[in-house]
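So the protein sequences, as listed, match chains F and U.
Position in the first sequence (first residue = 1) + 369 = the numbering used here.
Position in the second sequence (first residue = 1) + 101 = the numbering used here.
No lab work stands behind these hints, which were simulated from the structure alone.
It is possible that some hints are incorrect.
Here are the simulated DMTMM-like pairs of lysine to aspartate or glutamate, each with C-alpha atoms no more than 20 Å apart in a straight line [unchecked claim]:
id	chain 1	residue 1	chain 2	residue 2
1	F	LYS524	F	GLU483
2	F	LYS474	U	GLU251
3	U	LYS263	F	GLU465
4	F	LYS462	U	ASP400
5	F	LYS540	U	ASP478
6	F	LYS540	U	ASP337
7	F	LYS462	U	ASP337
8	U	LYS371	F	GLU464
9	F	LYS477	U	ASP337
10	U	LYS263	F	GLU464
11	F	LYS540	U	ASP275
12	U	LYS258	F	GLU543
13	F	LYS477	U	GLU251
14	U	LYS263	F	GLU483
15	U	LYS260	F	GLU543
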Amino acid sequence: MAIIVQRPKLKWWEQLYLPALFIGMKVTLGHFIATLTGKKKVTMQYPEEKWDAHLPDHYRGAPALVTDEHGRERCVACQLCEFICPPRAITIKPEEIPSDDKWAKVEKRPRAFEIDMIRCIYCGLCEEVCPEQAIFLRKDYAITGTSRAEMVHDKERLYEIGGVRTGLVNKWNELK
Amino acid sequence: MSEVKPDLVDVQIDGVWHQFPKGTRLIEACRQVGAEVPHYCYHPKLTSPGNCRMCLVETGMPPRPMPGAEPPQPDESGHLPISWIPRPVIACANTVAPNMGVRTTGPITEECRKGVMEFLLANHPLDCPICDQAGECTLQEYSVEHGKGESRFREKKVKKPKNVDVGPRVRLDDERCVMCSRCIRFTDEIADDPVLGFTDRGSHTVLTVYPGRELANNYSLNTVDICPVGALTSNDFRFQMRVWFMRETNTIDVNCATGCNVTVYSRQNKIYRVVPRQNNDVNSDWMPDSHRLNFHWIDSDARLTDPMVKENGKHRVATWSEALAKTAEKLAPLSGSEIAVIASARMTNEELFLVNRLVKQIGAGHVEIVPRMGEADGYLISADRNPNTNGVKLVLGLANPGSGLDRVKSGIEEGRIKAVLCLQENLVEDGGFSPELLGKLDFLLATYPLANPTTGLADVVLPGACWAEKSGTMINVTGRLQRLNKAVDGPGQTLEPWEIVRDLIQALGGGNGIYSVTEIFKQLAAEVAAFKGLSWGQIGDLGLPLIETGETIPALEREKQRKAAGLIVG
Chain F
370 MAIIVQRPKL
380 KWWEQLYLPA
390 LFIGMKVTLG
400 HFIATLTGKK
410 KVTMQYPEEK
420 WDAHLPDHYR
430 GAPALVTDEH
440 GRERCVACQL
450 CEFICPPRAI
460 TIKPEEIPSD
470 DKWAKVEKRP
480 RAFEIDMIRC
490 IYCGLCEEVC
500 PEQAIFLRKD
510 YAITGTSRAE
520 MVHDKERLYE
530 IGGVRTGLVN
540 KWNELK
Chain U
102 MSEVKPDLVD
112 VQIDGVWHQF
122 PKGTRLIEAC
132 RQVGAEVPHY
142 CYHPKLTSPG
152 NCRMCLVETG
162 MPPRPMPGAE
172 PPQPDESGHL
182 PISWIPRPVI
192 ACANTVAPNM
202 GVRTTGPITE
212 ECRKGVMEFL
222 LANHPLDCPI
232 CDQAGECTLQ
242 EYSVEHGKGE
252 SRFREKKVKK
262 PKNVDVGPRV
272 RLDDERCVMC
282 SRCIRFTDEI
292 ADDPVLGFTD
302 RGSHTVLTVY
312 PGRELANNYS
322 LNTVDICPVG
332 ALTSNDFRFQ
342 MRVWFMRETN
352 TIDVNCATGC
362 NVTVYSRQNK
372 IYRVVPRQNN
382 DVNSDWMPDS
392 HRLNFHWIDS
402 DARLTDPMVK
412 ENGKHRVATW
422 SEALAKTAEK
432 LAPLSGSEIA
442 VIASARMTNE
452 ELFLVNRLVK
462 QIGAGHVEIV
472 PRMGEADGYL
482 ISADRNPNTN
492 GVKLVLGLAN
502 PGSGLDRVKS
512 GIEEGRIKAV
522 LCLQENLVED
532 GGFSPELLGK
542 LDFLLATYPL
552 ANPTTGLADV
562 VLPGACWAEK
572 SGTMINVTGR
582 LQRLNKAVDG
592 PGQTLEPWEI
602 VRDLIQALGG
612 GNGIYSVTEI
622 FKQLAAEVAA
632 FKGLSWGQIG
642 DLGLPLIETG
652 ETIPALEREK
662 QRKAAGLIVG
């Protein structure tokens, strides 16, 4: 069913359109002068200035691995993030923790953990699926590199971005 | 009662009447009609101790009338009414009875399963993220299907030994064990090496290896396969790859003439593990450790990746057409009697069929294979370590394979043989040809997956695919025709041996027109009498008996006896 929209009846000076034009021009000129004289600032000087302070808590930036308060790498190389990753950006090579290691009872850790940041779509499924709370999406959003190889974050880089995270569930701690 | 054959009994499963032979276990009867009963300890190839209690089902029999009361009357279908027994029974150790009723669902069985799952999970460490069994773990599967979803257990879990080396190839985690005793029964009943057992009682029961002994027999990794949880894991496969990533390819083992049926697990063109696949006419459910672990060389650095030709005593990488042209050029001035073809009993029937054509084409005076005889182990390893000796006899037409090898050697020694085409064999290390002897040849062509002393001496080296990289058929020690399926691609320029032989035939002026293994099989079926009327699809995953050899597989014979004695389901 068609709706018939009633056109407003314009007065004769409104039909000239010129007054409206001048009112608009006044606003534009006002902004122009305010910016020119430095009274108002609208341009952010990226990358000298960053957007970081304005990022919401739920912002999803680069995924990274974390260590806990004991310095233990939380990842046990279960490869669930590799499995869930929609663009297949994650590659993990697991290994056994040697018996003389302090955390030998955890048995398994990643030998290599790579996230290809060219492929990553920042969906956060890796963080959601992780049963060990080992991978988190950080607020880093400016991931740049001059080569494809540089855009692949290896284990070392991932722990560097991730840092230490405390207060997580620690199921590997001694009970007694 | 309806009219049935005397050895069949009527059983009602989940409300539907079926007929089963007398003596069928309830669990098998239910499985046959699609009502899978969950279980841990039951395994058709082992005795049934009935200790996991997971397979409890509700059963019923016709009511027994009180003295003087009317006996129950059969309904219009001829079956007596069923009076359900309030106590459930285990489906794995009980057999069907006439007019029996079984309920695999319903409040009693579901409550039982829930209860058993809760007990099993009370002390379970829940370390699925680091457990290799995750993804193929029945504890995980049944937790989803029958578990409570959350634990009511607030006490401290019982601590048990973890990460225990019970043998050179097997690792034990006692906290994950569900006490099904499959491994204990396997080592006792099948491997005749009873080193495993339970100690302590109640929730402190642990699986242990006898003091001073270890689980070191050549069938130890089968315990890992039958372990329904992650208690026993393979040292070789441990933490290598999660099972859900891998692709499964059904093929056969080529380490001996038994030809155990296997599944090859691979991901991104790399093989991670080889496990036995059930075939009750070949290997039952088992395979020897030595055979299943013999795959690591497939992606080793020693693999040949490109065709090579020798120039001024040095090999250089060449193209396929260049290498084949050089072969043709070198063979052209020689007469047939000066050429020997050494094929391999590790080649498939299709490859041997083409070798036969090649031999005819060049009129080669000698054709032989390299025999590999070892000792049979009385279980599954056959004395003949070549997987397709029967195929050599049948397709290549050698009555006594390997017997003419000395004639080839003396022929080279006396200068009567000037060129050898060595196909998929290692003449120096396995054939007993000395490097000096091979040095006397004018021309040596060698194809092999790996670089070896023979390929080092060869004038033309061609990279041939290994067993996991090719398709074809082989005939095992009992005369069973079985199929190999390609699991991974060969590295670099590797070609399947049949392609190499085909290209050789073509380079030497012969016809072509073959583009797949199945095409060769068609021609094979048309030309070789024993294969008459067979098709590639007919062979299937389990193979089919082709010829009578009179040979048997000892482990299978014992299994048949145990089945006949009613010890196992089989």
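Hinted pair LYS263 of chain U and GLU465 of chain F, Cα distance within 20 Å | holds (14 Å)
Take the C-alpha atoms of LYS462 of chain F and ASP337 of chain U, compute the straight-line distance between them, and say whether it is at most 20 Å.
-> Judged against 20 Å, a Cα distance of about 15 Å means the pair holds.
Is the straight-line distance between the alpha-carbon of LYS462 of chain F and that of ASP400 of chain U 20 Å or less?
-> holds (17 Å)
Straight-line Cα separation of LYS477 of chain F and GLU251 of chain U no greater than 20 Å?
-> It is violated: about 26 Å lies between the C-alpha atoms, which goes past 20 Å.
Proposed proximity, GLU543 of chain F with LYS260 of chain U (alpha carbon, max 20 Å) = Since the Cα atoms of LYS260 of chain U and GLU543 of chain F sit roughly 12 Å apart, the hinted pair holds (cutoff 20 Å).
Hint consistency between LYS540 of chain F and ASP478 of chain U [alpha-carbon to alpha-carbon, up to 20 Å] | Violated - the C-alpha atoms of ASP478 of chain U and LYS540 of chain F are around 47 Å apart, more than 20 Å.
Restraint check for LYS474 of chain F with GLU251 of chain U, where alpha carbons must lie at most 20 Å apart | violated (25 Å)
Hinted pair LYS477 of chain F and ASP337 of chain U, Cα distance within 20 Å = With a Cα-Cα distance of about 15 Å, the restraint between LYS477 of chain F and ASP337 of chain U holds, given a limit of 20 Å.
20 Å limit on alpha-carbon distance, applied to hinted pair LYS540 of chain F and ASP337 of chain U | violated (28 Å)
CA of LYS258 of chain U to CA of GLU543 of chain F, is that 20 Å or under?
-> Cα-Cα ~13 Å, so holds.
Are LYS263 of chain U and GLU483 of chain F close enough, with their CA atoms no more than 20 Å apart?
-> violated (30 Å)
20 Å limit on alpha-carbon distance, applied to hinted pair LYS371 of chain U and GLU464 of chain F = Holds, at about 17 Å.
Against the hints set out earlier in the document, violations occur for numbers 2, 5, 6, 13 and 14.
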